[in-house]
Amino acid sequence: MKTRTLVLIVPMILLLVACSKTTDDNPEPGITTEEPKIVSLTSDKSEIMFGGEDVATITCDATGGSIEYTWEVDLGDIFPLNESGSQVRFTGSECCLGEKFIKCTAQNDKGSVTDTIVINILLP
Amino acid sequence: MMKNLSLLLIICFLGVVNSKSLAQCCAAGNPITADGSAGGGGKNILEVQALYKHSYSDTYYEGSSKSDYEYIDYSFYDFTSLYLSYGVTKRLKLSFEIGYFFAKAQTFVFGFDRSAQGLGDGIIGVQYNAYKNLHRDIDIFPYTRITLPLGDFDQMNGPVILPIDIQPSSGSYKYALGCLISKRYHEGKMAFFIDGSAEFSQRIETDRTNYKYGNLYSASLYGSYKFWEKLTGALQLRSQLREKASNKDGELINATGGFVMFIAPQIRYNFVKFWNASMVFEYPFYKNMNGTQLTNNYALTIKLSRTINFNKKEKG
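Read top to bottom, the protein sequences are chains A and B. Heads up, the first sequence is in this note's numbering, so the first residue is 1 and it goes up one at a time. Heads up, the second sequence is in this note's numbering, so the first residue is 125 and it goes up one at a time.
Derived by calculation from the structure, the hints in this document are not laboratory data. Everything numeric in this text was worked out from a predicted model, so none of it was measured. Just so it is clear, CB atoms sit at the ideal spot from N, CA and C, and this is done for glycine as well. Certain hints may be false.
To be verified - Straight-line distance between alpha carbons at most 27 angstroms, and here's what the computed DSS-like set of lysine-lysine pairs gives:
no., chain 1, residue 1, chain 2, residue 2
1, A, K103, B, K372
2, B, K372, A, K100
3, B, K214, B, K167
4, B, K214, A, K45
5, A, K37, A, K103
6, B, K214, B, K350
As the list claims (entries may be wrong) - Simulated coverage check for chain B against chain A, where a stretch passes if three residues somewhere in it have a Cβ under 8 angstroms from a Cβ of chain A:
no., stretch
7, 192-203
8, 222-234
9, 280-287
10, 330-341
11, 420-431
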């Protein structure tokens with residue numbers, strides 16, 4: 001009996017721990033939204049050296065109200081610089097040399113839109 | 125016959141060690157949890173094992189030398205897994221493992237950090253006792269394992285989707301083939317194992333990611349000695365070679381891949397008849413990386429396992 005209990009309890013604990021929170025997609029109350037549009041996606045540099053010292057600051061400016069920004073790149077490191085998430089810093093280690101396509105997605109309850117900017121990571 | 129077999133095994137082992145392959149810069153998916161020995165086995169015998177593993181990395185290597193390059197200050201993970209194996213027949217054993225990361229974190233020298241947690245990969249394994257010599261106490265177990273990317277692969281740090289090396293799941297199916305050979309002396313008081321395996325990763329092709337991990341080749345020598353009835357000490361020497369990863373254009377990524385040799389002392393304690401507790405300290409004593417890469421400093425694993433024999437009613 002003890003054995004069966006053990007076999008059942010351990011996987012159940014693992015599953016419970018694995019459960020994740022769901023997110024609330026509702027817009028802020030009282031704010032009128034419209035379909036999001038990326039007005040500009042800019043970077044202060046189009047080329048950086050690999051490592052942590054040479055940084056590209058990228059800004060995504062979108063309209064539409066209650067915008068949530070999402071950033072992604074296949075190889076490289078992006079960190080948010082402001083609370084809204086519209087501005088990030090980008091660097092890359094040696095494993096990330098070459099042209100990197102950094103994607104900014106702006107979304108709200110009316111939809112989402114994506115734009116891409118290219119930063120080249122070079123050897124010093 | 126015995127001498128020829130030993131010679132063949134040593135040649136195979138060295139052959140794998142000297143292959144021209146290189147290792148990955150960053151961990152992805154479940155870490156290796158097998159210790160290079162064959163446990164459990166036997167018809168209707170279930171082995172349940174839970175483990176906790178802590179790994180820490182803070183040293184960059186360029187080739188086989190330490191580098192003064194600074195980018196990630198330190199990185200660590202806290203990982204747990206549940207492993208079940210069951211003897212379907214006297215010779216055939218099926219296993220399943222699922223992993224969970226409590227934390228997988230990186231702190232950068234420029235003041236930023238990021239972390240992820242969640243379900244890792246699932247691993248299905250089949251092991252067959254292809255050769256058994258009772259007289260010489262030698263067993264040969266070919267095995268295969270399939271890694272299933274069951275866990276989280278889209279975790280975020282605020283508005284940023286985390287890179288693949290820090291996601292809990294590897295996001296890729298992996299197929300491993302291996303062979304484990306054991307030789308016991310003095311009714312199991314002393315045992316030696318040789319384990320060699322090759323793991324092939326399938327390319328990740330999603331809207332977000334197009335990437336292929338380098339294939340992984342691993343070989344290990346494992347020796348154990350029973351000091352007392354309940355206490356066993358073991359030592360594992362393991363070499364790991366990982367080929368370079370490739371990007372979305374199929375080009376090899378230079379600063380990935382490498383060769384690492386580990387030494388892993390282990391102590392195992394048997395208690396209350398069917399329970400085992402063990403502790404393994406893994407230390408990479410030789411590294412030869414391609415390009416400049418962050419490398420592992422050490423890992424500590426604590427395991428608890430229980431064997432359940434369904435053939436007869438257990439006593440005690």
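Determine which of the earlier numbered hints do not hold for this structure and return their numbers in increasing order.
4, 11
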